[in-house]
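Trainee: The lines below spell out each chain.
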Amino acid sequence: MSMEPVIGERRVHFVVSEELYPLDVIQGASYLFIDRCYVWLDRPADKQVQVVLRSKGQAGAEELEALAGEFANELLNQALRKNIGDTNAKIREFVMARAFFAADMPSTVDRLLAELDAEEMAVDPLEISVPWDHKAGGRPPAGSTDG
Amino acid sequence: MAEASLRFHRSLYPPACVHEAVAAFSALGTIRVEENPQDTQVFLTDFPDRLADRIEGEVGNHVLFAAILASRGGA
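Residue numbers (this note's numbering), protein chains in the order written: chain A, 1 to 147; chain V, 1 to 75.
It should be emphasised that the hints constitute simulated quantities derived from the structure, not laboratory data.
Built from N, CA and C at the ideal position, the CB exists for glycine as well.
Treat each hint with caution, since some may be false.
Facing chain A, according to a computed beta carbon distance under 10 Å, are these residues of chain V, among others [what the hints assert, rightly or not]:
no.	residue
1	Ser5
2	Leu6
3	His19
4	Asp49
5	Arg50
6	Glu56
7	Gly57
8	Ala67
9	Ser71
Go ahead and model the full structure; you've got the sequences and the hints to work with.
Mentor: As structure tokens, then:
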């Protein structure tokens, strides 16, 4: 079995080995050709997928051969994408997790610091936050220009 | 009236995807489905002649699209 295209009337077919191109790669390439031609997949043998491309309009042998060539190139492209996707899967998951969990949520340390700040602000042993006229005696502090 | 038959290998096209396409195209003609151990066969009859050239391919592409969607966790 080989990827050598066999050209017929308005159709071209060839066999792809699943050992070279996994099924999801073949499906990915097929998906991109659905709008240009009719795509059929068949299984002539174990680990083999036959791809049949049938043109939607009239097409000569050269066009059909070019179509098969483009499909073969797309198989390579999809295989590379899958390869890169598999290689970067962990990094992608990590970046996604960071993006989701860090978006609106302050870090734990930031939250604890904010709590400590709030507690410290609530304690006022020198009564700095109390206006002088509310304090006992109601006298302005020395040097004050108020009143 | 046009007629055709199609065969979808089970390892490439889940039967549910074939049935989905059958439901979508049943308004255009008569469709009979036969489930075999290896494949699902679809018989298209009573389709308008002007669709004769396209009906097989359109049903095939529809099933393929559904199969790709299903394999990637879609509906």
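Trainee: Please go over all the hints and tell whether each is borne out by the structure.
Mentor: Cross-check of the supplied hints:
no.	hint	result
1	Ser5	violated (13 Å)
2	Leu6	holds (8 Å)
3	His19	violated (18 Å)
4	Asp49	violated (18 Å)
5	Arg50	violated (15 Å)
6	Glu56	holds (7 Å)
7	Gly57	holds (3 Å)
8	Ala67	holds (7 Å)
9	Ser71	holds (6 Å)
Figure legend: structure checked against the earlier numbered hints; hints not met, in rising order: 1, 3, 4 and 5.
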